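These protein sequences, in sequence, are chains A and B. For the first sequence, my numbering begins at 105 and goes up steadily by one. For the second sequence, my numbering begins at 464 and goes up steadily by one.
Since the hints were made in silico from the structure, they are not lab data. It is possible that part of the hints are untrue.
[Stated by the list, open to error] Stretches of chain A that chain B covers, calculated by requiring three or more beta carbons in the stretch to come under 8 Å of a beta carbon on chain B:
id, region
1, 149-160
2, 163-176
3, 182-194
4, 197-207
[Stated by the list, open to error] With a Cα cut of at most 30 Å, we get these calculated DSS-like pairs of lysine-lysine:
id, chain 1, residue 1, chain 2, residue 2
5, A, 172, B, 507
6, B, 490, A, 159
7, A, 172, A, 157
8, B, 507, A, 158
9, A, 157, B, 507
10, A, 159, B, 507
11, A, 157, B, 490
12, A, 157, A, 209
13, A, 158, B, 490
14, A, 209, A, 159
15, B, 514, B, 525
16, A, 172, A, 159
17, B, 534, B, 507
18, B, 514, B, 490
19, B, 490, B, 534
20, A, 158, A, 209
21, A, 172, A, 158
22, B, 525, B, 507
23, B, 514, B, 534
24, B, 507, B, 490
[Claimed, not checked] Listed next, with one range per pair, are the computed distances between beta-carbon atoms:
id, chain 1, residue 1, chain 2, residue 2, range
25, A, 142, B, 524, 26 to 32 Å
26, A, 173, B, 544, 27 to 33 Å
27, A, 130, B, 525, 23 to 29 Å
These numbers come from a predicted model, not from an experiment. Note that the Cβ used here is the ideal one computed from N, Cα and C, for glycine as well.
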Amino acid sequence: KNEVEQSPQNLTAQEGEFITINCSYSVGISALHWLQQHPGGGIVSLFMLSSGKKKHGRLIATINIQEKHSSLHITASHPRDSAVYICAVSNNDMRFGAGTRLTVKP
Amino acid sequence: NAGVMQNPRHLVRRRGQEARLRCSPMKGHSHVYWYRQLPEEGLKFMVYLQKENIIDESGMPKERFSAEFPKEGPSILRIQQVVRGDSAAYFCASSPDGPTGELFFGEGSRLTVL
């Protein structure tokens with residue numbers, strides 16, 4: 105069993121839909137990161153969380169430390185949100201989830 | 464404030480040659496991480512360095528791979544005697560605060576071994 109599990113693996117949505125991607129982990133962590141990787145391969149850090157909830161524009165990330173679970177939400181999804189979303193947990197090293205491939209159709 | 468700079472962006476090497484990948488962190492960042500992404504696979508941690516020190520190299524292959532982050536200049540990931548299986552995208556990220564800090568990624572260096 106992977107130490108960082110993401111679900112779903114693939115997600116197709118219609119423009120405007122509310123999207124949730126889940127991440128569960130089984131190790132102690134210093135922080136949890138949500139990353140976005142676009143088709144061209146570049147990686148952008150969306151959120152770094154150690155507790156609670158953060159919001160940037162249409163993106164919201166939450167973490168429950170006791171349950172070792174985090175969620176990434178996208179409100180009013182748009183085709184430009186199509187990308188791979190990756191959950192990662194960090195100590196001195198970093199463990200990555202396998203990623204969720206999101207496709208938003210117009 | 465320039466972002467994390469990686470070069471070269473693309474590197475082609477023949478089997479047995481050496482590959483050197485460079486990463487200049489964001490200004491003021493003393494924490495550097497290297498990750499590898501094999502074709503069609505996920506990201507894997509390689510090494511975490513903080514100026515002149517290797518903090519965690521648990522993801523580095525035991526042979527042929529080394530990393531440094533000298534007092535002056537960029538961090539270097541060095542792969543000796545490359546093999547076809549080393550073909551991958553190598554990403555660098557920097558942070559101002561280490562494991563509890565936000566990460567800033569470079570564009571990656573794509574190594575192709577012929």
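These are the hints, each one checked on the structure:
no.: 1; hint: 149-160; verdict: holds (count 3)
no.: 2; hint: 163-176; verdict: violated (count 0)
no.: 3; hint: 182-194; verdict: holds (count 3)
no.: 4; hint: 197-207; verdict: holds (count 7)
no.: 5; hint: A:172 - B:507; verdict: holds (21 Å)
no.: 6; hint: B:490 - A:159; verdict: holds (26 Å)
no.: 7; hint: A:172 - A:157; verdict: holds (14 Å)
no.: 8; hint: B:507 - A:158; verdict: holds (26 Å)
no.: 9; hint: A:157 - B:507; verdict: holds (26 Å)
no.: 10; hint: A:159 - B:507; verdict: holds (27 Å)
no.: 11; hint: A:157 - B:490; verdict: holds (28 Å)
no.: 12; hint: A:157 - A:209; verdict: holds (28 Å)
no.: 13; hint: A:158 - B:490; verdict: holds (25 Å)
no.: 14; hint: A:209 - A:159; verdict: holds (24 Å)
no.: 15; hint: B:514 - B:525; verdict: holds (22 Å)
no.: 16; hint: A:172 - A:159; verdict: holds (19 Å)
no.: 17; hint: B:534 - B:507; verdict: holds (26 Å)
no.: 18; hint: B:514 - B:490; verdict: holds (13 Å)
no.: 19; hint: B:490 - B:534; verdict: holds (13 Å)
no.: 20; hint: A:158 - A:209; verdict: holds (26 Å)
no.: 21; hint: A:172 - A:158; verdict: holds (17 Å)
no.: 22; hint: B:525 - B:507; verdict: holds (15 Å)
no.: 23; hint: B:514 - B:534; verdict: holds (6 Å)
no.: 24; hint: B:507 - B:490; verdict: holds (25 Å)
no.: 25; hint: A:142 - B:524: 26 to 32 Å; verdict: holds (28 Å)
no.: 26; hint: A:173 - B:544: 27 to 33 Å; verdict: violated (43 Å)
no.: 27; hint: A:130 - B:525: 23 to 29 Å; verdict: holds (26 Å)
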